[in-house]
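With chain R's structure known, arrange chain Y on it following the hints.
Going down the list, the protein sequences come from chains R and Y. Read in the numbering used here, the first sequence has 281 at position 281, and its numbers run on one by one without any break. Read in the numbering used here, the second sequence has 98 at position 98, and its numbers run on one by one without any break.
Since the hints were derived computationally from the structure, they do not count as laboratory data. Worth double-checking, as some hints may not be accurate.
From the structure, some residues in chain Y lie toward chain R, with a derived Cβ separation under 10 Å [to be verified]: (1) T50; (2) D53; (3) K57; (4) E66; (5) R78.
Where a beta carbon is used, it is the ideal one built from N, C-alpha and C, also for glycine.
Now for the letters of each chain:
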Amino acid sequence: MLRRIYRCVLRLHPPAFRSRFGDEILSIFDEAKGGLSGFRLLMDSILSLVRQWTLRPEFWSESVSAPAPQAALDDIPSFCILSPFRPRLTAIVPGLILSIAIFSLTCVAIKYSWIRVLHVRIREVQFEAPQWIPPNAGRAVFPDRTTESVPHDPAATSSVPNADAQTPEAASRAASKTSTPSALATKAHKNGAVQPLPIPQSTAQQSKGNEIAPSSLESEQTAAQPLITTAPSAFAEDTKLDAAARHRVIDGASVIVSKYYVDAEVAEKMVIALRDHEANGDDNEATDGPTFADLLTSQMREVSHDKYVAVIYSAFKTSEDTSAPTAEGVARYKKEMKQNNCTFDKAAILPHNIGYLKFNSFPDAAICGPTASAAMAKLNHADAIIFDLRDNPGGYANMVALIATYLVDRPTHLNDFYDRSQNSTEESWTLPPVPGNALADKPAFILTSSTTFSAAEGFSYDLKMLKRATLVGERTSGRGHMGAPHRIDDHFTIRVPSIKVINPISQTNWEGTGVEPDVKVKAADALRTAINLAEGNLQK
Amino acid sequence: MDDDLHSFLPLSPATLHILLSLAGEDLHGYGIMQEVVRQSAGTYKLGPGTLYDNLQKLIQREWVEELGRRAGDDDPRRRYYRLTLAGRRVLEAEIARLAEVVREARARLRIVRPSTAKPRRA
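Only chain R is shown next, with the shape it has when bound in the complex (with noise of 0.2 Å):
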């Protein structure tokens, strides 16, 4: 074993060293044993070893074939090789086994270094970003309450937002609202839904309200892009507005908002306010399509002082059904999620193990789910836990739901959803218990910013209603409701907030007003002050 040893750090000299005394050394080991212990013996090597590398540079260069071929005493003559050096076969493979574990080092390093100069991150993609909210907020807010199942369904997408309320779908959602497994199952399985989800009633409890007007964010997308009213280069001069294409615009609207708006008397506001302006002739200025959709969003705002309600314009001829998703804008919503780690920023453990998960939306559960559980389970062993919610502009509440699941021991109902138009009202619970979840009873925290819109204020909410979690930052923006655009006609489109979240504690929400932190401070400071909060909860 010794000589082995022995031989392995005689074989790492200089080569020119090794060829001309290796044979030497190790005979004079074989026969020196008994004089010299082995291990003086091994740590002379190495001292030579280290003195040949870092003392002897001029050596490293000499000639394998130095010793001169030379005649010895009795006139025997010695042959040298002269061939250059050549690694031996068997050295071969100890190489390699060496570079493959300097190489894992290296990786591991990387992977677990506190210096994040290597550290390799995708570029995010921002499909859903605060900035372009406004073109289609309604829908950017909580694209659908609970619809997770729709994109999966092409069938089912195609019931419009004025679906008759007696259409099938309406009357599985009252079916789905016995929220009983099979009645659940039968639901998810009809709307092709089922997801190898973690959970397994996620998609199923999730699947109902087909009726709401369905949109993924890639729809979203989708649809924003024509529907931009920044578009004037694109605006033709042949659709010089007249006071008949207004008056029909007017009437659409009117039409829609008395329809879909979520305050019945402020609706009716509104179309008074678009009348009496176009009797007025306010309108008669407004000749071409960004204008005019300008100035009618001016005229509801002005009295119903609502954001979200607005009229836009779009140079392309819009499609029968804008809020369609189309297949392969889901299939692109999905391609975006996989590569985005569905806007799962970042899941770590911070000292005093405390959880950190900062994620930049929420995704649909269908698509999204096994993210989501699986930045969750990585955090399942934290002592406290941060959800960092500042860049987050909201999305879908069955990631709402999937999420919270984990903060509570029970099915727990975070909230309801009214839809105006329908005169109904839809119940959002967490899933049942996930098996072997420890966070259940754990400090929770929310971090919270001025761009914290809709689905993730709805998040922030419910848990502060639940007393479930302490709120850390700025006051959100205050998107409660949500609803999806309407067409009036090619070009026009409105956006009207058609469904109002009303939370079963406080019986309303943060609309208008945000939702307020627990602990104010800035955004940028809401970390570190989480921080400290959690880590004197931890040592009491």
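What follows is chain Y alone, placed relative to chain R:
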């Protein structure tokens, strides 16, 4: 030439002992090691690594030359080494220097007594 020689002095203990052991007869590596032990009465033990590291240097300086293998030896891997003329001159110069040191030391030690009165402060 003498100046050149003196630039190498003093020799390291290993170099000195190797040169000294080869002064009498040609030896192989193990022979050198044994001879060194004998010369120093066991106080200086030279490992093979150190030995060949030094031998390499000495061969390069042409103080020692390699003779190759000898037929009929116990171990065919052994090679023999011999002190060159240059090596012998360096050794002589070193011995002369050492003799001077010893002489000087003896002279001094007769005058100065080792002070043992006060213990050293740590």
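**Request:** Mind listing which of the numbered hints don't hold for this structure, in increasing order?
**Result:** Of the numbered hints given earlier, the structure breaks none, since each of them holds.
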